[in-house]
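Undergrad: Chains as they are written, first to last, in our numbering: chain U, 222 to 295; chain X, 166 to 769.
To be clear, the hints were calculated from the coordinates, so they are not data collected in a lab.
Be aware that one or more of the hints could be misleading.
What the hints assert, rightly or not - Computed cross-link-like contacts, DSBU-like style, restricted to lysine-lysine with a CA-CA straight-line distance of at most 30 Å:
| # | chain 1 | residue 1 | chain 2 | residue 2 |
| --- | --- | --- | --- | --- |
| 1 | X | K730 | U | K275 |
| 2 | X | K735 | U | K275 |
| 3 | U | K269 | X | K735 |
| 4 | X | K450 | U | K227 |
| 5 | X | K730 | U | K269 |
On a predicted model such as this, the values are computed, not experimentally measured, just so you know.
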Amino acid sequence: MKVTIKLFATLRIGRGKILKKEYPEGTIIRDIIRDLNIYEKDVAILLKNGISTKMDKEPADGDTLSIFPPIGGG
Amino acid sequence: MNNYFGYQGVILRVNLSDGKISKEPLNLEDGVKFIGGRGLGTKILFDEVDPKIDPLSIDNKVIFATGPLSGTATPTGGRYMVITKSPLTGTVASSNSGGFWGAELKLAGYDAVIIEGKSEKPVYLNIADDVVTLEDASGIWGNLVDETTTKLENIHGEKARIATIGPAGEKLSKISGVMNERGRAAGRSGVGAVLGSKNFKAIVVRGTNKVNIKEPDKLKGAFSNSMTKIRENGVTGQGLPAYGTAVLVNIINEHGALPTNNFQESHFDLAEAISGETLAEKYLKKKDPCYRCPIGCGRYCEADYAKGAGPEYETIWGYGSNCGVSDLGAIIKANYWCNEYGLDTISAATTIAAAMELYQKGYIKKEDLDGGPELVWGNADAIIEWTKRMGEGNGLGALMAEGSYRLCENFGVSELSMSVKKQEMPAYDPRGIQGIGLNYATSNRGGCHVRGYMISPEILGLPQPLDRFATEGKAEWTKIFQDFTAAIDSVGLCLFTSFALGADDYADLYNAVCGTTLSGNDFIEHGERVWNLERLFNLKAGIDPSQDTLPKRLLEDPISSGPSKGWLSKLSETLPLYYKERGWTENGLPTDEKLESLGIKEYK
Ligand code: SF4
Numbered sequence: 222m223k224v225t226i227k228l229f230a231t232l233r234i235g236r237g238k239i240l241k242k243e244y245p246e247g248t249i250i251r252d253i254i255r256d257l258n259i260y261e262k263d264v265a266i267l268l269k270n271g272i273s274t275k276m277d278k279e280p281a282d283g284d285t286l287s288i289f290p291p292i293g294g295g
Numbered sequence: 166m167n168n169y170f171g172y173q174g175v176i177l178r179v180n181l182s183d184g185k186i187s188k189e190p191l192n193l194e195d196g197v198k199f200i201g202g203r204g205l206g207t208k209i210l211f212d213e214v215d216p217k218i219d220p221l222s223i224d225n226k227v228i229f230a231t232g233p234l235s236g237t238a239t240p241t242g243g244r245y246m247v248i249t250k251s252p253l254t255g256t257v258a259s260s261n262s263g264g265f266w267g268a269e270l271k272l273a274g275y276d277a278v279i280i281e282g283k284s285e286k287p288v289y290l291n292i293a294d295d296v297v298t299l300e301d302a303s304g305i306w307g308n309l310v311d312e313t314t315t316k317l318e319n320i321h322g323e324k325a326r327i328a329t330i331g332p333a334g335e336k337l338s339k340i341s342g343v344m345n346e347r348g349r350a351a352g353r354s355g356v357g358a359v360l361g362s363k364n365f366k367a368i369v370v371r372g373t374n375k376v377n378i379k380e381p382d383k384l385k386g387a388f389s390n391s392m393t394k395i396r397e398n399g400v401t402g403q404g405l406p407a408y409g410t411a412v413l414v415n416i417i418n419e420h421g422a423l424p425t426n427n428f429q430e431s432h433f434d435l436a437e438a439i440s441g442e443t444l445a446e447k448y449l450k451k452k453d454p455c456y457r458c459p460i461g462c463g464r465y466c467e468a469d470y471a472k473g474a475g476p477e478y479e480t481i482w483g484y485g486s487n488c489g490v491s492d493l494g495a496i497i498k499a500n501y502w503c504n505e506y507g508l509d510t511i512s513a514a515t516t517i518a519a520a521m522e523l524y525q526k527g528y529i530k531k532e533d534l535d536g537g538p539e540l541v542w543g544n545a546d547a548i549i550e551w552t553k554r555m556g557e558g559n560g561l562g563a564l565m566a567e568g569s570y571r572l573c574e575n576f577g578v579s580e581l582s583m584s585v586k587k588q589e590m591p592a593y594d595p596r597g598i599q600g601i602g603l604n605y606a607t608s609n610r611g612g613c614h615v616r617g618y619m620i621s622p623e624i625l626g627l628p629q630p631l632d633r634f635a636t637e638g639k640a641e642w643t644k645i646f647q648d649f650t651a652a653i654d655s656v657g658l659c660l661f662t663s664f665a666l667g668a669d670d671y672a673d674l675y676n677a678v679c680g681t682t683l684s685g686n687d688f689i690e691h692g693e694r695v696w697n698l699e700r701l702f703n704l705k706a707g708i709d710p711s712q713d714t715l716p717k718r719l720l721e722d723p724i725s726s727g728p729s730k731g732w733l734s735k736l737s738e739t740l741p742l743y744y745k746e747r748g749w750t751e752n753g754l755p756t757d758e759k760l761e762s763l764g765i766k767e768y769k
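Pulled out of the complex, with its shape left as it was, chain U reads as follows (with noise of 0.2 Å):
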């Protein structure tokens, strides 16, 4: 499956801006935040679609995540 992987903040150093990959079926998740390098606990805003989501959770062909470091408010 197509994911489009979207990092934002500190994220991005390193691995840029917007990343499109290709998993196999099955993928959740928490494996394509492992295979980016990025530690769970750098992950503090986590968007499916744009809409809030979970490690545990499989993505779908064509969806787009969308990672966030702890950030500010405002």
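We have chain U already, so just place chain X with the ligand on it with the hints.
TA: Chain X with the ligand in isolation, oriented as in the chain U frame:
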């Protein structure tokens, strides 16, 4: 050395009509009951000003109030509040600012300054510890904020701290604020215009005293505990220091809740160009923290001639996606002109967005523009030039300087103003974030995010994540956030500390400084008292509960695209629960029992 702890025990009263300056003792009972800052200031306003007065008449007063922790060795103890009756909303106004000015006023020996009456000629106040004089301001009247500040620094020395209004306040713009240290603003609700109506330009202050601490050892412990929490928290320890508030642009946009084109859309395709990440990469020169602040969210940016504080997230959103503009350099320039003219960036930007919608729909015509840039979505020149015209009060700019509600009302379409109680709403679409909508609708100063920042649980997941679309639990959370914030604003610390600190932490700091024995719950209850007092002021001012609502668009037109597509604000579900949670009648009136339990029944 006085006999107070946390407080200086002195309130300075300046009568501009007869030039009399007097020092009055602080009634410590008021301190115990209303803490200080926002609470104490509201109490003074209520005692001395009839809520029904015209806010720009001689009868209004302006109170600059510090809190018991202002000027002490606590994190972010530099804040002050400006309390008055708002000419924008007709409600109580209490605008908060950081920087250094608040701490300086406290160290000069004052808990609050009351400005009353009206001067015949422009004046400013000079405070050098216990020497206080009114000075001729004819040489600075009409000057921009930077020029005013420089001139006053030249007269009173570099160490003097200066809070001033800009030309917008002098011209009675209902969206003008008070600026201190050039780039920090008590921005909202038109507090600048009230000073302008009194021919009052600025307060220069130099303070070299100390604040007495009741239990210094206890304070050391409470201080180091709170510093550890602030450093270890992801938001206050990493996010805000690294990117400031602007990092929210991408976050809110990814959720599909970034109001775009005056809330006609909720997703901006060009958000990356105006994001905090882009700001840091291209325009950020340095960090610009306030007094004793370990967080340091403040930014100092440069775009050509525009050098200075900001822009904050709210400003970037207002001039950016909400006007369809993706030119971050232009946004920095518009922000710069707001600071120079002393305009509130949220209201100024949002009023331009409303003007763009009026232009889109044919209410404002090309011939109304006096040769100014066209008010079309995405026009970067327009946000700069129309900000200046609002500041100058020229032509259509003069009408816009009254704020979006009066602008739209003038064309018979007040529903196009994205405001609550005539004050412009900030940067979060309440259709996609239910709790913030309830907070906007019920805020005691109209559209405002910092009265109860529900974005914290609904988006950032702090102190715990809440489903942003759900209505359950939002009444309870909104009430707690509102009360908690009122207490923090009263004690004199920055609201941003609350991402890391809980009520017990504030109570520990306050107790160590003042020698009190408040629990965390007591601390929040103090905030509830302040909230109810503000509500009573508004009710007496004629702001009835039917105004606890949102613009029609947010209640009736679902979001048309993006991740929050199809959603509306469900205020009709959350508002009755909120009244109940507050212990008010189903019509939104505080009950006798509630007021009795809070000890403020006499204000009914
Ligand atoms: S967190 Fe930001 S606004 Fe608050 S005191 Fe620190 S620098 Fe000022």
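Undergrad: Given the hinted pair K730(X) and K269(U), is their Cα-Cα distance within 30 Å?
TA: holds, 14 Å
Undergrad: Need the status of pair K730(X), K275(U): alpha-carbon distance at most 30 Å?
TA: holds, 21 Å
Undergrad: Is it true that the CA of K735(X) sits at most 30 Å from the CA of K275(U)?
TA: Between K735(X) and K275(U) the Cα gap is close to 26 Å, so the pair holds against 30 Å.
Undergrad: Holds or violated: are the alpha carbons of K269(U) and K735(X) at most 30 Å from each other?
TA: Answer holds: K269(U) to K735(X) is near 24 Å, not above 30 Å.
Undergrad: Within a Cα-Cα threshold of 30 Å, do K450(X) and K227(U) meet the stated pairing?
TA: At roughly 26 Å apart (the allowed maximum being 30 Å), K227(U) and K450(X) satisfy the hint.
The structure meets every hint from the earlier list without exception.
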